[in-house]
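Trainee: Chains as they are written, first to last, in the working numbering: chain C, 1 to 114; chain G, 1001 to 1110.
Just so you know, the hints here were simulated from the structure itself, not pulled from any lab data.
Misleading hints may appear alongside valid ones.
As the list claims (entries may be wrong) - Listed below are the simulated EDC-like cross-link pairs for lysine to aspartate or glutamate, each with C-alpha atoms no more than 16 Å apart in a straight line:
(1) G:Lys-1057 / C:Asp-8
(2) G:Lys-1031 / G:Glu-1056
(3) C:Lys-101 / G:Glu-1079
(4) C:Lys-101 / G:Glu-1063
(5) C:Lys-49 / C:Glu-64
(6) C:Lys-101 / G:Glu-1056
To be verified - If you anchor each label on the Cβ, the simulated ranges turn out as follows:
(7) C:Glu-16 / G:Ser-1084: 37 to 45 Å
(8) C:Pro-12 / G:Leu-1060: 39 to 47 Å
(9) G:Ile-1013 / C:Ser-3: 14 to 22 Å
(10) C:Glu-64 / G:Gly-1016: 43 to 51 Å
What the hints assert, rightly or not - Quick look at which bits of chain C chain G covers, simulated, 3 or more residues with Cβ under 8 Å:
(11) 38-47
(12) 94-103
All C-beta atoms, glycine included, are put in the ideal place defined by N, C-alpha and C.
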Amino acid sequence: AQSVTQLDSQVPVFEEAPVELRCNYSSSVSVYLFWYVQYPNQGLQLLLKYLSGSTLVKGINGFEAEFNKSQTSFHLRKPSVHISDTAEYFCAVSEVGNDYKLSFGAGTTVTVRA
Amino acid sequence: EADIYQTPRYLVIGTGKKITLECSQTMGHDKMYWYQQDPGMELHLIHYSYGVNSTEKGDLSSESTVSRIRTEHFPLTLESARPSHTSQYLCASSGTGVQYFGPGTRLTVT
């Protein structure tokens, strides 16, 4: 069975500083990996995905993530954050051949301060 | 514009009432999903559907039921609402591996 661990529940960061959100997964088969962002009182918006190919994935709003199979990780990074990046971030995994059913991590709350 | 819709966005209702949360998508996706999310917590899959007349229970046990009579429509029903059903319910659909989410319904049962 697949599972996801987000290692940081809260990440405070100053505006224009870099941020990294850590995500580790567990699965016995090949996986697809995703990062979603959730703003208050809204649904989830896809930031980026890894399905196959290059392990460095670029997404929207300047975010990128790197798939590391040996470390079973999929950490999310942004070199310079804005106040508008304040949100909840969820890492999710789907096992290949499992009808794209997602398992989510507990989420990381990013608070950007001026 | 292709999208996924959920109504109502917010619902406050008394114990024992029957409720239906609506979810519709205009992307022609075969697969649809319902997730439950408590405040500050991760999402848990409660129902999913491969296509018309196909529904399955998810990883988290739920007293709700779903139906899939049309490709674009995937409503969730609670026959008798209880305070323990208070939560946010998110609907999603998928065509090629990526799930797209609706805005969610925040349900409060008093």
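Trainee: Next, verify each hint and record whether it holds.
Mentor: Each hint tested on the structure:
1. The suggested pairing of G:Lys-1057 with C:Asp-8 is violated, with an alpha-carbon distance near 30 Å, which exceeds 16 Å.
2. For a cut-off of 16 Å, the pair hint linking G:Lys-1031 to G:Glu-1056 stands: about 11 Å separates their Cα positions.
3. Distance check on the hinted pair: C:Lys-101 and G:Glu-1079 sit about 26 Å apart at the alpha-carbon level, beyond 16 Å; violated.
4. Proposed proximity of C:Lys-101 and G:Glu-1063 is contradicted: the alpha carbons are some 20 Å apart, above 16 Å.
5. The suggested pairing of C:Lys-49 with C:Glu-64 holds, with an alpha-carbon distance near 10 Å, which does not exceed 16 Å.
6. In summary, the hint linking C:Lys-101 to G:Glu-1056 is supported, as the alpha carbons are separated by about 12 Å, within the 16 Å threshold.
7. Between C:Glu-16 and G:Ser-1084 the Cβ separation comes to about 44 Å, which falls inside the hinted range of 37 to 45 Å.
8. The hint said 39 to 47 Å for the Cβ distance between C:Pro-12 and G:Leu-1060, and at roughly 31 Å that hint is violated.
9. Restraint check, G:Ile-1013 to C:Ser-3: a C-beta distance of roughly 34 Å breaks the suggested window 14 to 22 Å.
10. Against the hinted window of 43 to 51 Å, the Cβ-Cβ separation of C:Glu-64 and G:Gly-1016 comes to about 50 Å, which satisfies the hint.
11. Residue count for the segment 38-47 of chain C with a Cβ under 8 Å from a Cβ of chain G: 6. That meets the three needed, and the coverage hint holds.
12. For the segment 94-103 of chain C, the stated coverage by chain G holds: 6 residues have a C-beta nearer than 8 Å to a C-beta of that chain, and at least 3 were required.
Consistency with the previously given hints fails for numbers 1, 3, 4, 8, 9, ordered from lowest to highest.
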